[in-house]
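J.: Fit chain B to the given chain A structure using the hints.
If you read the protein sequences in the order shown, they are chains A and B. Residue numbers are given in my numbering: position 363 of the first sequence equals residue 378, and the series is strictly consecutive. Residue numbers are given in my numbering: position 26 of the second sequence equals residue 41, and the series is strictly consecutive.
Any given hint could turn out to be false.
As the list makes no split between identical chains, a pair holds if one copy fits it or if it spans any two.
[Stated by the list, open to error] In the EDC-like style, the derived pairs of lysine to aspartate or glutamate whose C-alpha atoms are separated by at most 20 Å in a straight line are:
#1 K366 / E448
#2 K314 / E293
#3 K372 / D426
#4 K180 / E204
#5 K314 / E296
Quick caveat, the hints were computed from the structure, so don't treat them as lab data.
Number of protein chains: 2
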Amino acid sequence: MRIVLLSGGSGKRLWPLSNDTRSKQFLKLLRAPDGSRESMMQRVYRQIREAGISAEITVAASASQRDSIVSQLGDSVKSVLEPERRDTFPAIVLASAWLLTEERCSPDEVIAVLPVDPYTERGYFETIARMEKAVRDGAADIVLMGIAPTYASSKYGYIIPGPGKTAEPYPAERFVEKPTEAEAEKLIERGAMWNGGVFAFKLRYLMEIARRYVDPADYSGLLARYGELPKISFDYEVVEKAESVAMLPFDGEWKDLGTWNTLAEEIPEVMGNAVAGEGAENTHVINELRVPVVVLGVKDAVVVAGSDGILVTDKRASAKLKPFVDAAENHPMYVERLRPMYEERRWGSFKVIDYGKYSDGVFSLTKHLFIEAGSAISYQKHSLRDEIWTIVNGTGALLLDGHVRNVRRGDVAYITAGMKHAIRAVTDLRFIEVQIGEHLAENDIERFEWEW
Amino acid sequence: MRIVLLSGGSGKRLWPLSNDTRSKQFLKLLRAPDGSRESMMQRVYRQIREAGISAEITVAASASQRDSIVSQLGDSVKSVLEPERRDTFPAIVLASAWLLTEERCSPDEVIAVLPVDPYTERGYFETIARMEKAVRDGAADIVLMGIAPTYASSKYGYIIPGPGKTAEPYPAERFVEKPTEAEAEKLIERGAMWNGGVFAFKLRYLMEIARRYVDPADYSGLLARYGELPKISFDYEVVEKAESVAMLPFDGEWKDLGTWNTLAEEIPEVMGNAVAGEGAENTHVINELRVPVVVLGVKDAVVVAGSDGILVTDKRASAKLKPFVDAAENHPMYVERLRPMYEERRWGSFKVIDYGKYSDGVFSLTKHLFIEAGSAISYQKHSLRDEIWTIVNGTGALLLDGHVRNVRRGDVAYITAGMKHAIRAVTDLRFIEVQIGEHLAENDIERFEWEW
Numbered sequence: 016m017r018i019v020l021l022s023g024g025s026g027k028r029l030w031p032l033s034n035d036t037r038s039k040q041f042l043k044l045l046r047a048p049d050g051s052r053e054s055m056m057q058r059v060y061r062q063i064r065e066a067g068i069s070a071e072i073t074v075a076a077s078a079s080q081r082d083s084i085v086s087q088l089g090d091s092v093k094s095v096l097e098p099e100r101r102d103t104f105p106a107i108v109l110a111s112a113w114l115l116t117e118e119r120c121s122p123d124e125v126i127a128v129l130p131v132d133p134y135t136e137r138g139y140f141e142t143i144a145r146m147e148k149a150v151r152d153g154a155a156d157i158v159l160m161g162i163a164p165t166y167a168s169s170k171y172g173y174i175i176p177g178p179g180k181t182a183e184p185y186p187a188e189r190f191v192e193k194p195t196e197a198e199a200e201k202l203i204e205r206g207a208m209w210n211g212g213v214f215a216f217k218l219r220y221l222m223e224i225a226r227r228y229v230d231p232a233d234y235s236g237l238l239a240r241y242g243e244l245p246k247i248s249f250d251y252e253v254v255e256k257a258e259s260v261a262m263l264p265f266d267g268e269w270k271d272l273g274t275w276n277t278l279a280e281e282i283p284e285v286m287g288n289a290v291a292g293e294g295a296e297n298t299h300v301i302n303e304l305r306v307p308v309v310v311l312g313v314k315d316a317v318v319v320a321g322s323d324g325i326l327v328t329d330k331r332a333s334a335k336l337k338p339f340v341d342a343a344e345n346h347p348m349y350v351e352r353l354r355p356m357y358e359e360r361r362w363g364s365f366k367v368i369d370y371g372k373y374s375d376g377v378f379s380l381t382k383h384l385f386i387e388a389g390s391a392i393s394y395q396k397h398s399l400r401d402e403i404w405t406i407v408n409g410t411g412a413l414l415l416d417g418h419v420r421n422v423r424r425g426d427v428a429y430i431t432a433g434m435k436h437a438i439r440a441v442t443d444l445r446f447i448e449v450q451i452g453e454h455l456a457e458n459d460i461e462r463f464e465w466e467w
Numbered sequence: 016m017r018i019v020l021l022s023g024g025s026g027k028r029l030w031p032l033s034n035d036t037r038s039k040q041f042l043k044l045l046r047a048p049d050g051s052r053e054s055m056m057q058r059v060y061r062q063i064r065e066a067g068i069s070a071e072i073t074v075a076a077s078a079s080q081r082d083s084i085v086s087q088l089g090d091s092v093k094s095v096l097e098p099e100r101r102d103t104f105p106a107i108v109l110a111s112a113w114l115l116t117e118e119r120c121s122p123d124e125v126i127a128v129l130p131v132d133p134y135t136e137r138g139y140f141e142t143i144a145r146m147e148k149a150v151r152d153g154a155a156d157i158v159l160m161g162i163a164p165t166y167a168s169s170k171y172g173y174i175i176p177g178p179g180k181t182a183e184p185y186p187a188e189r190f191v192e193k194p195t196e197a198e199a200e201k202l203i204e205r206g207a208m209w210n211g212g213v214f215a216f217k218l219r220y221l222m223e224i225a226r227r228y229v230d231p232a233d234y235s236g237l238l239a240r241y242g243e244l245p246k247i248s249f250d251y252e253v254v255e256k257a258e259s260v261a262m263l264p265f266d267g268e269w270k271d272l273g274t275w276n277t278l279a280e281e282i283p284e285v286m287g288n289a290v291a292g293e294g295a296e297n298t299h300v301i302n303e304l305r306v307p308v309v310v311l312g313v314k315d316a317v318v319v320a321g322s323d324g325i326l327v328t329d330k331r332a333s334a335k336l337k338p339f340v341d342a343a344e345n346h347p348m349y350v351e352r353l354r355p356m357y358e359e360r361r362w363g364s365f366k367v368i369d370y371g372k373y374s375d376g377v378f379s380l381t382k383h384l385f386i387e388a389g390s391a392i393s394y395q396k397h398s399l400r401d402e403i404w405t406i407v408n409g410t411g412a413l414l415l416d417g418h419v420r421n422v423r424r425g426d427v428a429y430i431t432a433g434m435k436h437a438i439r440a441v442t443d444l445r446f447i448e449v450q451i452g453e454h455l456a457e458n459d460i461e462r463f464e465w466e467w
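Here chain A stands alone, though its shape is the one from the complex:
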């Protein structure tokens, strides 16, 4: 079996901590067994291994997530990066094609696809092992996991089992997406389960479907013609059209941590430099900034301070966050915001600490960059901006137009537009970068090869 972890879109539902490059599954907020913090991505990866599943894991993700995946899961986990965001059907097809043609998996290999963000327990992963066996035994073309509902939710899709059969795997007769609560209640009485978005199938089966859109459906072909794949979910395009679908039930803890209200249940009450009191009951405070947060007397709330902004929300209101973040980002005082204020990269991380837009149309942007010992920023040049670097801690090797020199705390590098540059950290390295130019976009970059 091969496991494909679907690393979904960025979303704003966990703003201000989630942003375009830091999707919610990378936020290190959950309690890890050793007392430290882990992300949803790290948790699901750990749980797969703890359940005794040794299958190789591939992450299907967007290009902007690549650095976060490497930094959180290590180099041994492979990623298949979508050239653009489409939907789950194209993403799963691309990952499957990669397994077939690049990884040379057998067409009979069983693929289990699971989302990266449910908060669940060991039994969930043991069910995946049973799903593999069901596919291998030929129980159905596609085997789904059915999550035992805990209430009549109108948020989920439901799998309705066929009549008669009393042993696993159950045939899946039909699907109902987001019913009303009344409908959901009736479905549950008939034995319907939530569709948790976990699928198992043989590689051969999916590639035949893919061939209807791109032929031959090999990896390089699909990558080049990715835009021709329909923007449609795997459920609609594959599951609901399939002739033979089975379902294996899972009756354990399973939660969607998609809002601050649900996430708050699984994280400590206070994280970071914060104090709360005077009756601030059932209130969670998460502070990623270095200045303190003080919360007094406000109950049933979530307070989140991050580099991108500050959220104060009543827990019940937290699901309605998105339009307000959109409004905040369209605020007249917000025009100068150019990009996410904090990003994790393969080589470390950076924080935007200052920015300005001046009356002559020139911008400045100041960052604090952290590069882990042994890592390096790629060799690159910018056409439209100068950069002034001041090393504040650590030692490194600075590469400027083909010349390498050692740098340490207090050294300054003046990198004019057009100058090729890179830096490698010998010890953990921190520097302040002041960018000045008429255009400070991230895409003003040309990359070059360099052998350190």
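T.: Positioned in the frame of chain A, the structure of chain B alone reads:
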């Protein structure tokens, strides 16, 4: 008449906007008549002039407030700066001695002392004009303003008028400081008024009292021996011991804006880059940061985001802020905080945008400095730190060890420890300063003269 404005201590009751150099009276939060924002200091200064009082105004303040006073009231207002914080009696004595010996006021000059922070109206200032006349007419040695109470408060001092007299000014018979609410009710029935801390007296009268402590009680003598003056309030040391005290009543709007709850009544609901919704009723949001603040569903609260920290408080709890700020500043994640994160200076302002403490005991601190066109930072040197300046906007003259050169956007100055330096803004000037050293204290500074 001369007016002495008492510019009190810093305090933490309006944290995170107030700090050691930015006392609450300098926060530009109040609605000015022209629609802009003004500080308590600017408001009281404007109201004195609008009431037709042309008396020269002297501000009694601490040294750390000098730059804020000049930047908010202009160069024409004079300040008397205490060498150390003691209490209102020493501060008023020092200001009086300055008026007598430095400003050469007559010993018969009437001095009116008023606090800078009450939120009040024109009649208050007209009462001061009547107080001057009462002192000049010899009604009493000291004339106080009595504020007509609006409720039986246990927070204020009360002035109890003597019996019999039915015309102004009333004799003040005795004083009761912070009675219980029940006592306050009885006092109010007997005609007691709140003591608003507004005093008028002849210069001669106070200087005789001062002479008991320091003789001769001239300005330079008092300045040198300021530490010998008792740490006591003017009320206790002068008013309560005086033989002849009269009171003039004021029956208009008068409020102490000392907590976020009371201040919120006089400021807009949303200031800065912020959006509120989903039932965030009666909630005030003040954002001095550039990233957005989003508030959802939290009622009756005040949310304040500033460079020094973030406060989320139920309005009723806001008076209890101080111990929590103390706790936040003793938080284990707070040890690296070196100083206020935002300061206004005579020449402009600066913001600390990054700081770090490294394992070898070295610190770095990065600031964004703004210097107003025509202003200059004093010529100075530091012994224990290097500074690297990168100009991001504007033009200026940079002075390094006696040599001046023109600088503009993109220029970098490397100022090593021991190097004398200054900069003058030709146009509004902004630069990023990276400080690196084993000791980054503000007092590592030696100042020099320079004629630009």
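J.: What are the numbers of the hints the structure violates, in ascending order?
T.: none
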